[in-house]
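With the hints as a guide, bring both chains together as one complex.
If you read the sequences in order, they're chains H and Z. Letter 167 of the first sequence, counting from 1, is numbered 167 in our numbering, and no numbers are missing. Letter 32 of the second sequence, counting from 1, is numbered 32 in our numbering, and no numbers are missing.
Watch out, some of these pointers could steer you wrong.
As the list claims (entries may be wrong) - Label-pair ranges, simulated between beta-carbon atoms:
id : chain 1 : residue 1 : chain 2 : residue 2 : range
1  : Z       : 535       : H       : 42        : 19 to 29 Å
2  : Z       : 535       : H       : 1         : 46 to 56 Å
3  : Z       : 581       : H       : 1         : 47 to 57 Å
4  : H       : 229       : Z       : 494       : 18 to 28 Å
5  : H       : 23        : Z       : 427       : 51 to 61 Å
6  : Z       : 388       : H       : 25        : 49 to 59 Å
7  : Z       : 526       : H       : 229       : 33 to 43 Å
Since the hints were made in silico from the structure, they are not lab data. Yeah, the Cβ is synthetic: ideal placement off N, Cα and C, and Gly gets one too.
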Amino acid sequence: MGLAVALAPLLTGLVRAVKARLMRRRGPSVLQPYRDLLRLIRKEAVIAEDASWLFRAAPYMIFAATWVAVALVPTFATGLPFSWSADLIAIVALLGGARFFQALAGMDVGTSFGGIGSSREVMIASMAEPALLMVAFTLSLLAHSTQLSIISESLHYSNVGLRISVAMVLIALILVALAENARIPVDNPATHLELTMVHEAMVLEYSGRHLAMMEFGAALKLLLYMSIVGAVFMPLGMAQAHDSLVRQAVGLGAYLVKMAAGGVLLGAFEVSIAKMRVFRAPEFLGSAFMLGFLATLLLFVSKGGLR
Amino acid sequence: MRDLVYPLCALLAGLLGLVGLLALLRGDAATLVLPLGLPWVGSHFRLDPLSAVFLAIVGFGGFAASLFAVGYGRHEPAPGRVAPFFPAFLAGMALVVLADDAFTFLFAWEFMSLTSWALVMAHHREPGTTFAGFVYFVMAAFGTLALLLAFGLMAGPQGHYAFEAMRSGPHRLAGVVMILALLGAGSKAGLVPLHVWLPLAHPAAPSHVSALMSGVMTKVAIYGFIRIAFDLVGPPHWWWSVVVLVVASITAVLGLLYAVLQEDLKRLLAYSTVENVGIVFLGLSLALAFKANGMAAAAALAMTAALLHAVNHAVFKSLLFFGAGSVLAATGQRSLDRLGGLIRLMPATSALFLVGAASISALPPLNGFVSEWLTFQAVLVSPQLPQWALKFLTPAAGAMLALAAALAAACFVRAYGIAFLGRPRSPEATAAHEADGFQIGAMALLAAACVGIGVLPGPVIDALAPAVRHAVGGAGLAAQGGRAWMTLAPISDNRSSYSGALVLLFVAASAVISAALVRAVASRAVRRAPAWDCGFPNRRPATQYSASGFAQPLRRVFGSVVFRAREAVEMPPPGDPGPARFAVSLVDPVWDGLYAPVARAVDRAAERLNRLQFLTIRQYLTLVFAALVLLLSLLTVLR
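Next up, chain Z with everything else stripped away, as it sits in the complex (with noise of 0.2 Å):
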């Protein structure tokens, strides 16, 4: 019976995918009604083009993480705690997407967030799980109580809870229900200062779930964000995207600065993933501040950079978390101080996390690349905004996407080098054994969705346009798709054109002539020898490069501003045969800015308050005939 599930989640996730991408090429909206919920609601369900392409992104996630469950739902040591909360988790995803009135949604939501943390929670006897599980407890309660607020200004005072009816409606305070939807789906998506659950509960789930919840929900949060900024409150304001482009710049560079200075391969993951989430709020940004100034074109095109920056990170980032999930089968290990020389013996996993690896780091011809050009050309556009606020903050975030595609690179060479090359750092590492079929399976399917959408982006563009077209309205772009060599030219040919074919066929030629060339020419003998090392090899492991020290430039660096990070080294005296230490110091700006002034209020408010419990009978009277009184006097001031 276990065994069937995952198997069957495979199945109908799939099944779930083929809807979305079929709902999409298809272009229309389909709507359903269920006399479920409210009594004088019900529950609306719509699939439109929007809704399809996360559907898709859902179905095939999910369909992925079934398929990379099969094998490595064997190693996980509690099932029971697993197998039924996953496909409630990838149903409360579709239900979220799908859902077309505010009590469906938040229903959804709730459920979603409810199920994803009983599944963080099912290793809960190991170290740090269940501070993880309760901060994602702490922090979708704050998201989904935004998320309400957002919606009850949006239905009015007469309650019409239907999306449809919030489309025509009157948009009062459309503003704030901004800031509102922004602060609950930001949290939920990961947007800096509200990321702090990501890092602890992604990686204290199991693999698969992990790769669900970095690589789908992020995506699910990101589509509740884009409904509500760019459909159901109305035309946008110029200063919102003002807002989105402050906080999505800072997410972008603080998420990469905290992945370089990780030691845990899937704390590495999670962050990067915040990075991610950063860029595509990066392109929204910059699509709302189009829409606002009545550009069409180039809000479609900054439009379709964030939506294929989003199906790209849900392809990739599942790859390298399905990739950390076999190696942590494997050996046991997290920390990349206790991995390395993985690629002898786990080839086909180290050759696909390589490609992930390669995708995430933006370099061409893989797909990472196609939606950062495109996010660089919407932001080449953007000097004809108008708004002088505008003027200046769009060069600044492009300067950090720039940066953050540079130490994207940095991060990734980092952990693939640390974990997967040189020579193993402990036993278990040298113990380590190969995937099995459908590990292997699901992330080689993953890694040929990288290859093919870096190859052939524009039907991939071509397909998303309907939902372009329903988020920033517009004629969209001219077809991408049947261009001479798969080109893109988003704008016009003359201003930019990037063909993935091409540059592939172009590498590879190459690479395949220098080689004819140099075998033909040059010696062929090869001859095994221990490594050179300057003339003193020491092969023991402790002589390689640790993970900290491989960061250590980077650290001293951004580390010593943003993260005030010192090293201190204690030597002993000379003649003392005892070990020296080095320890490093790091401050999470965030956590002690935000979060650890925020619990010591609450702490010392509900300390105050505690008093309220041990009042006599006659001050509790005294109580409820003052709060009586005021709300008799509230209730004649406001009539």
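Next up, chain H with everything else stripped away, as it sits in the complex (with noise of 0.2 Å):
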């Protein structure tokens, strides 16, 4: 949990800087997000006349929630404690419900921007969040449980090995988090045209400590996403709960090295490539639905899938 909090300011900062450096500027240091953050919770919050107690409780939760998601998915070690609490499913509805919030939350002051960022997240989230529950099944089928510590086990130990299902839902997982990050190509980051925003108009009247928290949480959630990718598809060096010290710091190091790569990719793909108009984003997720779906089918009608 602390490690995760520790690292998303970080994971967020190289992403930024490995943008700047391909597009030939030099770009903020990697470290630049926690001076943001410390600079935006200094700060006074202004806040509009209209709004209300969801206004300024919807930061809190959807870091809540956020931070309880990120905390259930294995990063160095599986079996930590209390992971069984809660499986890929709870996460995916944890997503949600943050999403929830912060729709809702763009939707309390009751300017026509909020209006554009909750309408379009909501269409996009009710695309990407079907794909990810696709993607959640067709993991849970291939290692016969929902929880997401058996599920990166059995995909590292039990030799599932390279098959169509595997692969299809890898690309499935990447497409949902280009799009569930808020990143290129379905929305831009770092955008400051209101009407190409989706997420940024959602956080507009935010400002001092709550827009740091709204920040803190998607840095988060990127970081949620690309745990979940290395966990699942990558899970070498990985540690169990019970092993030596110095296994579980082996296991830290891989992590480590896990997200750097992650991050270096990321930023790479957000560079060469450009942001897609509002109405193809449906297309994209769409794309990335189907082949979940097809994932599971072909699980379901090969030699009866499931003890």
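Structure (structure tokens):
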């Protein structure tokens, strides 16, 4: 839990630094998001006159839901305490809950930009969440369990091998992760043009410590998705809960390497592709949904699937 | 006198609910035969575990609605049209659940339909109510006809109407009986394409009656289907689950697609009921498939998911309708485009409506998530089914369920955001006042139930276990209550586990820790200022998003395919100061595809047959003679 909170701004900083370098700029330092958060926290929060209690409470609720979801994902070791209390479906639903309150917060002040952000966000979510659930189904069918620790261990140790379903699900998960984290090509996290915003439009009215919590929550979400991809598809070096300290330190090192690699790849990908028109996003996510559905269907009809 | 009706109903309904709950916890059955009704049959009543679950739903739902109505009934413009039929409606629903022979069942079913029809027609001078009542009347008659045929087939030529006799009978034509039961009970529950009366009738009724119709009467219809398909008609065949699965998946997704485009808050809630009924029937179809293949544990899981979702839906749909009723009583408006900003004017109602909206969107740790999680677990066990049709259809049904879950959240973000957040869009919304104590009390009770069932699902699932065992046989699920941290592990600990209590604890702890840290480190200063709005703030309410504007992306993505949604903009020529016009056209595929052609065919047939009214006496005598000859020859042929 504490590891995720400490690392999340660093990952965001790394992605921004990679993008800057690839665009031949010097760019901000990798530690800049920490400085941004500190700066925002010390500022006064300016709240609109029409805002209600939901506006003030939402950043904390979103942060809490995302933090709990991240805590349930195996990072450097599987089987961490209480990892059995919520499975992959519950993690998807927790993220859905965070998104529910974020969309409501966008509508609370009653501006048209908040409405744009919220309505586009629920449209994207209405296709991204089913795709993510299809990914969860496929992984659960492969591992005979819906718990993320057991899925990670199963895909690591029990020689699942190169199956088509695994490849399709990896692509689907990456597409969904790009959409859910408001990355190019679905949404531009660095845009200043309000009509191109989705996530930024929902947090347009926030300032001060509330904005700091929202940005922190977004950074945590990016770390969560990268951790899921790393834990499930690249589980090399992951320790288990009862392993020795050395083993766990190796797991931690492997995790840091995986996150750094993920950040570099994401930065390079975002630089090399343009943002899509808003109404192309459903086609983008629809293909993720179909990939996930086909992966599930393949597992259903192939030799009995599940024990 | 009139003021005593609702408190008395609350008392009696509460007692009924307690009776149902106690019978469920005891787990055995009680019967009663009264010498009423048909002379050679009498009236059989039976309270077995399956009836007890639904009796508890009727009782507690009726208690909540009566409590709400003590406060809400004061705003009723025509109390004389509502108060006599309300207790009759509750009694009818209770009798359907308790009936143990076909005659009593159908009598109580029709009584329930007629009393609810009278309640729908209570505000008969409002536009659209008489049409809603007419459609409801026709669909209820169709449903009863289907059930009559189903019971007739099961009773056989000897006329064994008691359920006991049907259970042990020869089970001829079981598939036809199941289809008829699906048509009959499904039309009352709201399965597509028989759902058309639901979004017309449920909003037209007064709000406490809408809550009963959506939350409780649909569950009584589901009880009818479970009683026939799982109990009376004998061992199921696997193809039955295919039919129910296809209908249920289409219902779930289509119901939500309709709901997302609605601007009337109560119609939106009615279409959302259609979606949730689809989810319950999805669980029931999986239970049928597992039962037909002899997989008892999986059947118990699917049946538990369906029953728990039925209970959950009764709770949060009633809560949502009570909220809509309070809004209607405070502002007189049902249209989302005339509401807004109610979170400041009606703080308790909006907080409780938020709990209901979060529950129906299946957010942990509330109760909607638990039943949806169980349904997903049932889908994940279904690769073991041997039939190929099921192997192809169950992942498709899982995909539709996932789509329904995401769209439900979208629908309720829109409903809550437009109705309660932002600024008031009409003078009536600006003048809203908080609901009174009874209304808030009823809503608070249901919201507490939402949280309670979400955090403590184990005891509820254990309470449902006798009903599940009665319906699908076998040993049922392992005991879920009393595990560490109130975890649910329906199949095995390694396979899947969820602890609502722990999730709630973690989320609350994280929120408190982060808030405390921020307060310790950060500046606490807050300044109120006009909204930023990119530097051009405009406080007029028309600059906010409207309901149809919020739905536009979804209308464009889904509606253009399903509803042939087209937008047309007419701009005036340059220099003309007249307004531009924006029109959205939608086509209802079920109405235009099924009901309009049927209505036209009935019209044409009636016109042709009308010529029979104007024949001469000779032609009439010829007709009578021909009919006599035909019937006599039929008799000789069949002998």
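Verification of the hints:
no. : hint                      : result
1   : Z:535 x H:42: 19 to 29 Å  : holds, 24 Å
2   : Z:535 x H:1: 46 to 56 Å   : violated, 40 Å
3   : Z:581 x H:1: 47 to 57 Å   : holds, 55 Å
4   : H:229 x Z:494: 18 to 28 Å : holds, 23 Å
5   : H:23 x Z:427: 51 to 61 Å  : holds, 53 Å
6   : Z:388 x H:25: 49 to 59 Å  : holds, 57 Å
7   : Z:526 x H:229: 33 to 43 Å : holds, 39 Å
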